[in-house]
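*Asks:* Going line by line, the protein sequences match chains A and B.
Be aware that the first sequence starts at 160, since it is given in the working numbering, and climbs by one per residue.
Be aware that the second sequence starts at -14, since it is given in the working numbering, and climbs by one per residue.
Honestly, the hints are just simulated from the structure, not real lab data.
Be aware that a few hints might be false.
Straight line, CA to CA, 25 Å or less: simulated PhoX-like cross-link-like pairs of lysine-lysine [stated by the list, open to error]:
| hint | chain 1 | residue 1 | chain 2 | residue 2 |
| --- | --- | --- | --- | --- |
| 1 | B | Lys104 | A | Lys515 |
| 2 | B | Lys90 | B | Lys71 |
| 3 | A | Lys458 | B | Lys104 |
| 4 | A | Lys381 | A | Lys178 |
| 5 | A | Lys200 | B | Lys45 |
| 6 | B | Lys(-1) | A | Lys384 |
| 7 | B | Lys45 | A | Lys208 |
| 8 | A | Lys186 | B | Lys(-1) |
| 9 | B | Lys11 | A | Lys186 |
| 10 | B | Lys71 | A | Lys178 |
| 11 | A | Lys319 | A | Lys301 |
| 12 | A | Lys186 | B | Lys(-6) |
| 13 | A | Lys200 | B | Lys104 |
| 14 | A | Lys458 | B | Lys71 |
| 15 | B | Lys45 | A | Lys464 |
| 16 | A | Lys213 | B | Lys34 |
| 17 | B | Lys34 | A | Lys514 |
| 18 | B | Lys(-1) | B | Lys104 |
| 19 | A | Lys514 | B | Lys(-1) |
| 20 | B | Lys45 | A | Lys527 |
The primary structure of each chain is shown beneath.
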Amino acid sequence: MYRWVERVNVGIKKTSLNKLHNEYQAKFVEFAGYEMPIQYKEGIIEEHKFTREKSGIFDVSHMGQLFIYGEEDLVKDLEKIFPLDLQNLKKNHSKYSFLMNDDAGIHDDLIITRLENGFLIILNAACKENDFEILNQLLNSKYKMVLDENRSLIAIQGPKSAEILNQIINNATSLSFMTGDWFEYENQKIFVTRSGYTGEDGFEVSLSNDLAEQFTKELINKGAKLIGLGARDTLRLEAGLCLYGHELDIKKTPVESNLKWAMSKERISNGGFIGSKIISDQLINGTKQIRVGIKPEGKVIAREKTKIFNDAELLIGEVTSGTFGPSVNGPVAMGYVDNKFSEKDTKVFLEIRGKKHPANICGLPFYKKNYVKGANK
Amino acid sequence: MSDFKFSKKHEWLKVEGDVATVGITKHATEMLGDIVFVELPDVGSSVEKDGNAGVVESTKAASDVYTPISGEVVENNQSIVDDPAKINSDPENGAWFFKLKIKDKTEIDSLMNKEEYEKFANESGS
């Protein structure tokens, strides 16, 4: 078995940027077994705004970078797992997808990119080891799989990111949204994709651990700033993006999560992937609950597990994520409600500390995306 | 500053005659991070020593505010409701939370002075 997981440190794991986080006065939290920065000196709101206006650096090295090597057989085998048209996925192109069980419950959400000799799958930190086991089992150990802990993953997000990255990685901005390629940095191969999870234009850079600090310092020298997990959460929530363990879990399907756009229509009608029966059944008959955006009318913040009522005081759902959105300048939330009450502008009430506060079901995102569709923009 | 008293829950109290002004300490705001929402006790309501007397929320989480002494709320500070960020920038002066008509002055004796509080806050670390 090819499995490069560091087993020496039994305690909390640290990324290659841990020392740098300390230098920039990070406040740390434990996240999925890693010591990660929740914020730096300036705080979540400043960090959030800096990312929206300029360029933020996110250490996402805790996420899994799974390389699976194989040829046409692998493409066919992965199509039995993912609801994607992988046969027609071009080299260096990426798709957002899910690893599901037979009931279409979500084990993890992920980004899969086709490479010359296989696929790169970016997995959530808390799920990556379990995903590895599941995938290896589903693929009958037929392929070389590497959950590579020798590589760091650094995201650079925000409108100035392209300009900054281009000064370090020549021609990185030739990439269009949801594509990637190998570039050279310090005589080593690094993989850069134009993607991210903030609702901004940006890149994710996969490079060897020993280059991570130097690369990040160069980004800082060119004007980008380190941003913690706190702002990453407010940014993704404003962008209407799901977070595993909150919006997504093993009891929710992609149809309930309102993520049917991420599945190939053709694959759904032809079936043949794990969970496909439930998916097509739910698409025909509907689901009991569905993910929606929720905008409180006042300033009160509805946190995770806040109960949602309709105007007849019927319990219709629960909040899965809620915070203050610095760019929206007000509270924002996502949650699941009974499908009958999921229509945009439906008035609902959020029960917070015993009081019911008015809110409205709304479209997502809360904050308009600035993704770059074409290249060289 | 000698009339400032402090609680273990990181509230400050300033006594002027029969009225005490209550707020949260700078140390508390540093632990909380950016404050984005505040809920204050209603004017006319009675609060009990160490009991709930409002809520502050940062981008990260909600935290209860406790009152260091008992009394009747005679005024609350609407300016921090309108602009919660003021609590981070001016916690121990302009961003006071509420004023109390003191019920029992002996309750003040159990509170810490500035020096004692600073020692306590440093030792409690987080």
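*Asks:* Which numbered hints are broken by the structure, listed smallest first?
*Replies:* The structure breaks hints 1, 2, 3, 6, 8, 10, 11, 16, 19; every other hint is satisfied.
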